[in-house]
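Residue numbers (this note's numbering), protein chains in the order written: chain U, 1 to 361; chain C, 362 to 722; chain W, 723 to 1083.
Worth flagging that the hints you see were computed from the coordinates, not collected in a lab.
Idealized CB from N, CA, C, for every residue including glycine.
It cannot be assumed that every hint is accurate.
Stated by the list, open to error - Just the calculated beta-carbon pair ranges, DEER-fashion:
id	chain 1	residue 1	chain 2	residue 2	range
1	U	Q137	W	I829	30 to 38 Å
2	C	Q470	W	E754	57 to 65 Å
3	C	V691	W	P920	53 to 61 Å
4	U	G126	C	P466	26 to 34 Å
5	W	P920	U	A35	37 to 45 Å
6	W	D1014	U	Q99	52 to 60 Å
7	U	G126	W	R1048	53 to 61 Å
8	U	I22	C	P466	44 to 52 Å
9	U	K344	C	Q460	57 to 65 Å
10	C	Q460	W	R1048	33 to 41 Å
11	C	Q460	U	E55	55 to 63 Å
12	U	E201	C	V388	50 to 58 Å
13	U	K344	C	Q438	52 to 60 Å
As the list claims (entries may be wrong) - Straight-line distance between alpha carbons at most 25 Å, and here's what the computed DSS-like set of lysine-lysine pairs gives:
id	chain 1	residue 1	chain 2	residue 2
14	C	K711	W	K1066
15	W	K783	W	K795
16	C	K694	W	K1030
17	W	K795	U	K343
18	U	K347	C	K704
19	C	K694	C	K708
20	W	K993	U	K57
21	U	K57	U	K73
22	C	K711	W	K1073
What the hints assert, rightly or not - Looking from chain U toward chain C, a few residues come up when the C-beta cut is under 10 Å (computed):
id	residue
23	Q108
24	Q109
25	R205
26	A285
27	D289
28	S315
29	R326
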Amino acid sequence: MASDSEHDKNTPVTLLLKELAIQTGAVIRGDETLAIHGIATLDSATEGDLCFVTEEKYLPKLERCQASVVVLKPEYQGSFAGTVLLHDNPYYIYARASQHFSPYPAIQQGIHPTAVVHESVTLGKGVSIAAQAVVEQGVSIGDYCVIGAGSVVGAGTKLGDNTQIRANVTLHAQSQIGERCIIHSGVVIGDDGFGFAPHEEQWERIVQMGNVRIGDDVEIGANTTIDRAALSSTVIGNGVKIDNLVQIGHNVEIGDNTIIVACCGIGGSTKIGKNCKIGGATGMAGHLDIADGVMITGMSQVTGSLRKPYTSYSSGTGISETGLWRRNVVRFKQLSELTTTVKKLQKQVKKLIENTDGRES
Amino acid sequence: MASDSEHDKNTPVTLLLKELAIQTGAVIRGDETLAIHGIATLDSATEGDLCFVTEEKYLPKLERCQASVVVLKPEYQGSFAGTVLLHDNPYYIYARASQHFSPYPAIQQGIHPTAVVHESVTLGKGVSIAAQAVVEQGVSIGDYCVIGAGSVVGAGTKLGDNTQIRANVTLHAQSQIGERCIIHSGVVIGDDGFGFAPHEEQWERIVQMGNVRIGDDVEIGANTTIDRAALSSTVIGNGVKIDNLVQIGHNVEIGDNTIIVACCGIGGSTKIGKNCKIGGATGMAGHLDIADGVMITGMSQVTGSLRKPYTSYSSGTGISETGLWRRNVVRFKQLSELTTTVKKLQKQVKKLIENTDGRES
Amino acid sequence: MASDSEHDKNTPVTLLLKELAIQTGAVIRGDETLAIHGIATLDSATEGDLCFVTEEKYLPKLERCQASVVVLKPEYQGSFAGTVLLHDNPYYIYARASQHFSPYPAIQQGIHPTAVVHESVTLGKGVSIAAQAVVEQGVSIGDYCVIGAGSVVGAGTKLGDNTQIRANVTLHAQSQIGERCIIHSGVVIGDDGFGFAPHEEQWERIVQMGNVRIGDDVEIGANTTIDRAALSSTVIGNGVKIDNLVQIGHNVEIGDNTIIVACCGIGGSTKIGKNCKIGGATGMAGHLDIADGVMITGMSQVTGSLRKPYTSYSSGTGISETGLWRRNVVRFKQLSELTTTVKKLQKQVKKLIENTDGRES
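Chain U extracted, bound-state conformation:
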C-alpha cells in the first residue's frame, strides 16, 4: 500500500475566515482574524484547518477536534470550544471554502508545443491548451478555457468562457458548450447517436446530422457519453450536473439544475425537466417525459413517463440473502397466478361467510 500523502496542503493557500464569512453571509463567533490553510475531517483536522458538521450525531467529535474553526448551524454553536462559523447550511459553507483550494497544480496559460491547433481556431484570452491536445478547424474557445492533455476538440466546436476540458476528452464536431463548464476525463460529447432503420433483416445507418448543446455551469463526469442528435440538438440545460459513466442518448433534453448520478442510461428523445434528481444506475427508456423536480431512487427502471412534478419514484426488489431471494423470485414469476388464486379465495370465503351468516341468522 502506498504511504499516506500530504498533498492536501502542498500548495500554501490561505483563506481568511472573514473573507469566507462576507462571501457567504455566515457569522463568526470567536477569532475573526483567523486564516484557514486547509479543510479536513473532524478526526484528522489540525491547526489551520476548517471543519464542518452537518448532522447532530457528529457533534460529540468536536470535543477532541483540533481544527481552528468549525462550521455549524447556529443552534449548535455551543458544541465547539474554539472559533465557529455559523450558517443554516454548513455544507454550503464547506463548498464555498473548498473553492479556494485545489489538488491540482496551477494551470499554465498558453499552447503547449506538442498541441495541434488548427490555424482557423479562435482563441480567447488566457487560454491553456495542454500537451498532445488536438483542436480542429473552426473551433472557438472562450477566455480562460483549459483544454487538457490528449483531448480532441472537433471542428466547429464552441466553448464559452472559463470552461475546463480535462485530459483525454473527445468533443465531436459542432458541439456547443457554455461558460464555466467542467468536462471530465474520458468524456465523449457529440459522437453519433444510435440510429438505424431496419431493412431486410439488416440495419441501415442513419447519419446523425444534429449536435449537442450544453448550457452554462454544467459538469459532465468521467467517461460519460452524450450523443449528437439525429436532427436538431441534444440539449443539456444550465447548471446540470452529470456524474461518471452516464449515457445520454440522441435528442435527449435535460432541464436546468437537474442532477444525474453515475451509471444512468437515458434513452433517445427523452425529456427530463428541471431540478430533477436521478439516482445512480437508473435506466430510462426513450421518448419519455419526466416532470420538473422528479426524484428517482437508484437503479430504477423507468419504462414510462413520470408526469407528477416534485414526486419521488422508485423501483427494484432491494436485496436479500440469496436463499430467501431464490424462493421469492420463483414466486415473483407466479405472482399473477397467486393474485388470481387469492381473488378466487376471496369469493369462496365471501360465500362461506354468507352461508354461515344465513345459517346463523
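Given the structure of chain U, go ahead and fit chains C and W onto it with the hints provided.
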C-alpha cells in the same frame, strides 16, 4: 445557453430526389427534379428540406410543414400538398437520404505529421491517420480507413477497407476488424479479459492470450469495451450494432445483425444468436446461450440461457411512487411466505367448502 | 468476417513442464522433459500445447485431445493417455502457465521521442513511456513501469515498481498506485468526486481536495472510473481486481483481494470489506458498510449495509417471457395490497373454522 447553430447546412450538399428514388425503389409524386439540401423535423423544415412521417399521428403536422418533399407510406400520400416520396418504410428512406449528409468536415487523406506510424505498418489506398494517433508494428490498414486523432492501434491489428476509427479509441494488439466498421470515441477493443484463478485467498492472473475478431459493417458505440479472449477469440458478427458504454466479456460470441443498446454488460463466454435485440442496461451472466432473434427489454437481469428463438423476454419491477414501492418491496421479501400462507388458506377453504357442502347435502 | 488468426503462437515462447511443476507444486505423470509452446482449448490443442480440465463433464473430450500435456485433478489422471500434470486446482496451474505467454509484443524500454515528460519526473530503472504519453511535474515512476501510448499521468502521481499503465489512461494529480498493478485503457483515476451542496435551487461545487490510493497487485479494467476523495483518500486495497466500466465514488474504501465484476457502481463513502465478490452491474448506494467476504450476485440493488460476513446476497426479479412479466409486474405494484387481502382472508377463514368447529363440537 449557447445559441442555436446552423451546422446542419454548413456544407452545401445536394441530393437529387430522383437519385434517392432510384437507389431505394421509392416512388415520387410531384416534382421529380427537386434537389434536397437537408433533412429536418416536420416543425423546423424549410425549403430544400426532406421530411419523413412514420406514424399516422404526425400527419396533421403536414398541413403547415414547409419541406420541399415528405417521405410517406403510399396510403398517406394525400396528406401533403407538395411533392411526396412514397415507400412502405419511410424510416429506411430517411436513413438512405441521411447518408448523403454529414456534420463532420471532409476527411483529409494522408498521415498527420504528429501521428506515430511504425515503419512496418501496411497502408491501403487513401488512408487518413489524424494528429497524435499511434499505429504500432505490424498493423495492416485497409483502403480508405480513417484513424482518428489520439487513437492507438496496437501491434498486429488488421482493419478492413473503409473502416473508421474515431478519436481517442484504443485497439489492442492482434485485434481484427472487418470492412466498413465504425468504432466510436473512447472504445477499448482487445484489452485483457477479466480472468483470475483463486489461490490461497488471492487472485492469480490468467494472461488473456486470445484476441477480438469483428466482422463487417459493425458499429461500436462510444466508451464501449470488448475484451480479448482468454484463448481463441471474442467474436462480433457481421452487421452487429453496439451502442455506448457496453461491456462485452472475453470469449463472448455475438451473431450477425444483433443490436445491443447502451449500458449492457455481457458476461464472459456467453453466446448471443443473430438478429437479437438487447434492450439498454441489460445484464447477462457468463456462459449463457441466447437463441437467434431473442428480444430483451431494457434493464433485464439475464441469469440463465434463453433458448426460445424469436421470443421476447423481460424483467424488473417497473417504477412506482416511492411510498408505494417501499411497501411493495417489503412484501416482495416475504413473497415466498405469502405464497405458503395462500396455499394453506386454499386447503382450509377447500375443507370448509367440503364441510359446508357435506352439511348442506 | 476477418479470417482466423494464429496470433496465439506468433512469439516463439517455450515453458518447460518441469519448471511449471516446480513453481506450482504440481506433479508430472509422463514425459518430464516436455516443452510447452502454447495453451489451448481441448478442441483446438495441437502438439506442444497445454490444456486443462476443471470439470468432470469435459473429461470425455480428452479422448481426442491432441495436447502434449493436460492439467488434471489427481483423481482424473487416468482420463488422458498422454502426459498429465496433477494438481487439486488445475485452473490455478493454467493461470501460472499463462503468465509465461503474452499476446503483446515485447515492451521497449525508454521514453518515446513524442512523449512529453516533465523535467522534474523521477524515473526508476527500465521504465517504458510510449508515444504521445504525457507525464506531468513531480511524478515518481518506479522501476520497470510501463506508461502506454496516449496516457496522461497527472502531477505528483506515484507509481510503484512494475506497474503497467495501458494506452489512453488518465491518472489525475496526486494519485498513488502500488507495485505490480495493471491499469487498463480508458481508465480515469483521481478525477473529481461528484460533490455539490444544494443552495438556492442550484448546486454549489465542492472541490475534491483528496486523492486516490491504490495498493499493490491491483488490476483496474478498461474505462473504469475511480474518483478522488472530497477530503483524505479513496482507497483500493492490495490484490483488488476491478473489471471494466465500474464506477467507484469518492471516499470509497475497498478491502484487500475483493473482486468487482464489470458495470458496477459504488456510491461515495461506501466501505467494502476484504475478500468480497461483487457480481456485475451491481449498484450500491453511498455510505454503506459491506462486511468481509460478502458475495453479491449480478445486478443487485444494494440499498443498505450488508453486515453479515461471508454471506451471499441477491436481488432482482430474474427474467420471464414478456407477456408473463407484464402480468406479474402489474401485480408487484399491488403486492402490499395483496398481502393485506390475504391477511384479511386469514382472519375470516380462522373465524369460519372456529365457527365450524364450535358448531361441530
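Verification of the supplied hints:
1. U/Q137 to W/I829: 30 to 38 Å: holds (37 Å)
2. C/Q470 to W/E754: 57 to 65 Å: holds (58 Å)
3. C/V691 to W/P920: 53 to 61 Å: At roughly 30 Å between Cβ atoms, W/P920 and C/V691 fall outside 53 to 61 Å, so the hint is violated.
4. U/G126 to C/P466: 26 to 34 Å: Check passed, 28 Å falls within 26 to 34 Å.
5. W/P920 to U/A35: 37 to 45 Å: At roughly 28 Å between Cβ atoms, U/A35 and W/P920 fall outside 37 to 45 Å, so the hint is violated.
6. W/D1014 to U/Q99: 52 to 60 Å: violated (38 Å)
7. U/G126 to W/R1048: 53 to 61 Å: holds (58 Å)
8. U/I22 to C/P466: 44 to 52 Å: holds (50 Å)
9. U/K344 to C/Q460: 57 to 65 Å: holds (58 Å)
10. C/Q460 to W/R1048: 33 to 41 Å: Between C/Q460 and W/R1048, where Cβ atoms are some 37 Å apart, the hint holds.
11. C/Q460 to U/E55: 55 to 63 Å: Holds: the Cβ-Cβ distance is about 57 Å, inside 55 to 63 Å.
12. U/E201 to C/V388: 50 to 58 Å: Because 23 Å falls outside the window, the suggested range is violated.
13. U/K344 to C/Q438: 52 to 60 Å: holds (53 Å)
14. C/K711 to W/K1066: At roughly 17 Å apart (the allowed maximum being 25 Å), W/K1066 and C/K711 satisfy the hint.
15. W/K783 to W/K795: holds (15 Å)
16. C/K694 to W/K1030: The hint holds at about 18 Å.
17. W/K795 to U/K343: violated (56 Å)
18. U/K347 to C/K704: Judged against 25 Å, a Cα distance of about 16 Å means the pair holds.
19. C/K694 to C/K708: holds (24 Å)
20. W/K993 to U/K57: Answer holds: W/K993 to U/K57 is near 19 Å, not above 25 Å.
21. U/K57 to U/K73: Holds, at about 13 Å.
22. C/K711 to W/K1073: Cα-Cα ~15 Å, so holds.
23. Q108: violated (19 Å)
24. Q109: Cβ of U/Q109 sits 21 Å from chain C, so the hint is violated.
25. R205: Status holds, d = 6 Å.
26. A285: holds (6 Å)
27. D289: violated (14 Å)
28. S315: holds (4 Å)
29. R326: holds (9 Å)
Hints 3, 5, 6, 12, 17, 23, 24, 27 from the earlier list are contradicted by this structure; the remaining hints agree with it.
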